[in-house]
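First to last, the protein sequences are chains A and B.
Quick note, the working numbering runs 217 ahead of the 1-based positions in the first sequence.
Quick note, the working numbering runs 2 ahead of the 1-based positions in the second sequence.
Heads up, a few of these hints could be off.
Unchecked claim - Each computed DSS-like pair below joins lysine-lysine, with the alpha-carbon atoms no more than 27 angstroms apart:
(1) B:K519 - A:K378
(2) B:K519 - B:K562
(3) A:K424 - A:K378
(4) B:K359 - A:K378
In short, the hints are calculated from the structure, not lab data.
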Amino acid sequence: MSTTLILDGRPIPFTPGQTIMDAALAAGVYIPHLCHNPDYAPHGSCRVCMVGVGGRLVSACTTAVLDGMTVESNTETIASTRRSIVQMLFVEGNHVCPACERSGSCQLQAVAYYVGMLSPHFPQCFPQRPVDASHPDFMIDFNRCILCELCVRASRDHDHKRVFAVSGRGLASHLVIDSPSGLLGDSHFAASDRAAQVCPTGAILPKHRGYEQPIGQRLYDQAPISVVGDLRAQPGGD
Amino acid sequence: MGEPADSQVQAFVARSLDLRGLAPEQLLQHLIAVQQQFGWVPPAAVHALAAALDVAHAQVRAAVAFYAFLHDQPRGDFDILFSDNITDRMLGNQRLVGLLAERLGLGLDATRADGRVTIGLTSCTGMCDQGPALLVNGQAVTALTAARVDRIADLVDEGVPLERWPGAFFRVADNIRRRGLLLSNPATDGASLRRLLENGADTALTELERSGLRGRGGAGFTTALKWRFCREAEGGDRTVPRFVVCNADEGEPGTFKDRVLLTSYTDLVFEGMTLCAGVIGARLGFLYLRGEYRYLVPHLESVLARRRAEGLLGKGILSQPGFDFDIAIHLGAGAYICGEESALIESLEGKRGVTRKRPPFPVISGYQDRPTVVNNVETFLAAARVVQWGGYWLRGEGTDQSAGSKILSVSGDCARPGIYEYPFGTPVHRVLTDCGAGEVQAVQVSGAAGTTLAPAEFDRLLAFEDLPTAGSFMIFDRSRDLLDLVRNFAAFFAHESCGFCTPCRVGTALLRNLVEKVAAGQASTHDLQELRDIGALMRQASYCGLGHTAPNHVLNTLDKFPAIYQRHLRSADYSPSFDLDAALGSARALTGRDGVADHVEEEA
Numbered sequence: 218m219s220t221t222l223i224l225d226g227r228p229i230p231f232t233p234g235q236t237i238m239d240a241a242l243a244a245g246v247y248i249p250h251l252c253h254n255p256d257y258a259p260h261g262s263c264r265v266c267m268v269g270v271g272g273r274l275v276s277a278c279t280t281a282v283l284d285g286m287t288v289e290s291n292t293e294t295i296a297s298t299r300r301s302i303v304q305m306l307f308v309e310g311n312h313v314c315p316a317c318e319r320s321g322s323c324q325l326q327a328v329a330y331y332v333g334m335l336s337p338h339f340p341q342c343f344p345q346r347p348v349d350a351s352h353p354d355f356m357i358d359f360n361r362c363i364l365c366e367l368c369v370r371a372s373r374d375h376d377h378k379r380v381f382a383v384s385g386r387g388l389a390s391h392l393v394i395d396s397p398s399g400l401l402g403d404s405h406f407a408a409s410d411r412a413a414q415v416c417p418t419g420a421i422l423p424k425h426r427g428y429e430q431p432i433g434q435r436l437y438d439q440a441p442i443s444v445v446g447d448l449r450a451q452p453g454g455d
Numbered sequence: 003m004g005e006p007a008d009s010q011v012q013a014f015v016a017r018s019l020d021l022r023g024l025a026p027e028q029l030l031q032h033l034i035a036v037q038q039q040f041g042w043v044p045p046a047a048v049h050a051l052a053a054a055l056d057v058a059h060a061q062v063r064a065a066v067a068f069y070a071f072l073h074d075q076p077r078g079d080f081d082i083l084f085s086d087n088i089t090d091r092m093l094g095n096q097r098l099v100g101l102l103a104e105r106l107g108l109g110l111d112a113t114r115a116d117g118r119v120t121i122g123l124t125s126c127t128g129m130c131d132q133g134p135a136l137l138v139n140g141q142a143v144t145a146l147t148a149a150r151v152d153r154i155a156d157l158v159d160e161g162v163p164l165e166r167w168p169g170a171f172f173r174v175a176d177n178i179r180r181r182g183l184l185l186s187n188p189a190t191d192g193a194s195l196r197r198l199l200e201n202g203a204d205t206a207l208t209e210l211e212r213s214g215l216r217g218r219g220g221a222g223f224t225t226a227l228k229w230r231f232c233r234e235a236e237g238g239d240r241t242v243p244r245f246v247v248c249n250a251d252e253g254e255p256g257t258f259k260d261r262v263l264l265t266s267y268t269d270l271v272f273e274g275m276t277l278c279a280g281v282i283g284a285r286l287g288f289l290y291l292r293g294e295y296r297y298l299v300p301h302l303e304s305v306l307a308r309r310r311a312e313g314l315l316g317k318g319i320l321s322q323p324g325f326d327f328d329i330a331i332h333l334g335a336g337a338y339i340c341g342e343e344s345a346l347i348e349s350l351e352g353k354r355g356v357t358r359k360r361p362p363f364p365v366i367s368g369y370q371d372r373p374t375v376v377n378n379v380e381t382f383l384a385a386a387r388v389v390q391w392g393g394y395w396l397r398g399e400g401t402d403q404s405a406g407s408k409i410l411s412v413s414g415d416c417a418r419p420g421i422y423e424y425p426f427g428t429p430v431h432r433v434l435t436d437c438g439a440g441e442v443q444a445v446q447v448s449g450a451a452g453t454t455l456a457p458a459e460f461d462r463l464l465a466f467e468d469l470p471t472a473g474s475f476m477i478f479d480r481s482r483d484l485l486d487l488v489r490n491f492a493a494f495f496a497h498e499s500c501g502f503c504t505p506c507r508v509g510t511a512l513l514r515n516l517v518e519k520v521a522a523g524q525a526s527t528h529d530l531q532e533l534r535d536i537g538a539l540m541r542q543a544s545y546c547g548l549g550h551t552a553p554n555h556v557l558n559t560l561d562k563f564p565a566i567y568q569r570h571l572r573s574a575d576y577s578p579s580f581d582l583d584a585a586l587g588s589a590r591a592l593t594g595r596d597g598v599a600d601h602v603e604e605e606a
């Protein structure tokens, strides 16, 4: 059974139970997002996928579609809201795109381009966050973590390991690793884990290789994320 | 207390496990017990609890880092936290903090080298009518004066255990100033439960519907509807467990009425919970008590024990076979967000108090994903009376949309701070007159997340249809700089944001920093627009009510009291957020050059 919602004036089919994000993705309509990955339960924390429904903003990834629902996504007001949210994500961490191994293939960077972010706008927080290089195959640069909890969800729901959790609260919220020492090298994390593949930024990176793809051939070099899709959620990208 | 031996910690954890059980839901309660015993949560306790409860180390550490009253580093033998609500500040708490720190020879948030004492600040402890207040090892001390602080310094230096501190320090007065429908009579003998047994759950629900009772926590959801949804959840299948939760996490700055209800109207609160259990078919209920009120636990436990002995709790209540219900007290540990019902449920399950995605609402999927009613303390009390005396009794007061009365916690600049019960629909000025407030500049209704009122609005009505309130009512006279209120609330929200969603996590910190920039005389008109823009974004895009309401005080005061900002502005248009000349200081020091040419002239 399929019914219809109106997204930016365009009818889009959906099946009952789908969220606005599900329906949009299925119809090939891009709504920018960071904490959402269709392989995992919707989270609703990054707030980048805000859309307008009935005069209010809701997150597309957690809002179930109702028949005949009218959804606004591609408006200047909403674009401005998304831009501010992405800017917040940039200033709360330490994101140095030109030097980052993930640059050009980074979902955060690609979304920032998509929402038209030209500067961080807000004052930088410059948090002190150490890098964890204790694991033989992977490193974690917490400076680039945006707390999307995709690694938390992938490790818990797919790898069945619970390697990651979020600790603290407020701006001091941070990713922690489940091992007696708190280090990745002492955890059950393995390079083959799904959690190793889901990070939308450059926070979780493989060791021993870097900058392999020349500029021009990186994931988002030729076309924007609205065309290319997510880092790992593209068809066959599992 | 320093660092205990691992074996000591393990033995204590083992005793706690015997007492509280191995369910992962008990994690937070174990951690609170460990904190209370050792003054911190040592790594040995983290390891022992992770192993025994089968939860991840990371989850245990995450909980410790989330709750303000849990620490992963040793605190002093005397862990002193001054309540730092704006009302405490107005009563001079900052001077007293300074006095104690000086007497004891240590700074804020520091532990003295001998491990004897730590001094810090904490969010409102619910003693605004008898502040300034503090918590020492979790116990509330009220009515602080310089003399009392002096004595505390002596007691700490002499190492006198808390049990031998003067009892007067820990005295908490009810300060009930005006009694209405609910407060006029604290007595009950289980009458509402007998009504329920005589007439059945449907009649009880009909009376609740007739009464128009709405939740007293602020949101105002119809109580009868909530109970009915829960009763009918899972197709009404009676074999599915259901739960009753009393939200006694009274964390909104400036509110303390639940403290009084739990002290002097205890039976009525428990009776309301029992009544709810009878209606929805629950066998277990929780009183989620904010950590600041842990001094109430012995009293609450004794009332629970008496009610069990009287056949009003436990198996076969009032000799009715199958009417089985009991209540457990769960402590919070310093997290405002846990007053939000889904965060409260997460906390009850032993986790960090992060709000859940809704729907499903707790009435469908709450504690352990089972149908759960979460109501405010005052709501349970009112529900018990409605079923005892009938729906029309509550309708006798209030307005069409807001039946009955509201209990207010009045504090700030007034002659008689305390508890006032008024019919809904009472104008603000009536409260101000009764409590002896003069020269009032502003009233903050419903706490830091509520509404800032200017004098022109004092004829507005306390009612869901005009000024909904959970009961906090803070008064500011003309001698106050309202920017102090804004700074206090902005810091509060930055401290209390759970950190789950971007707009609230980052927005509360940005607002706090901008407000401080204004106070420091570094801000320009541009920054005021930034405050508005960030506030609007948080209102629209945050995940839960905390983020939606956290900018209210900023947006309200920008609209109603623009002068409190403008008189601090450095230039009308633009000023940099840092001082370039000062930033070059280290370069001047390194090069040894400090001439006129080595300074950057400030632009006028």
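Hints versus structure:
1. B:K519 - A:K378: It is violated: about 45 angstroms lies between the C-alpha atoms, which goes past 27 angstroms.
2. B:K519 - B:K562: 20 angstroms, holds
3. A:K424 - A:K378: Holds. A:K424 to A:K378 sits at ~21 angstroms (cutoff 27 angstroms).
4. B:K359 - A:K378: Status holds; Cα separation ~24 angstroms.
Checked against the numbered hints above, the structure violates only hint 1.
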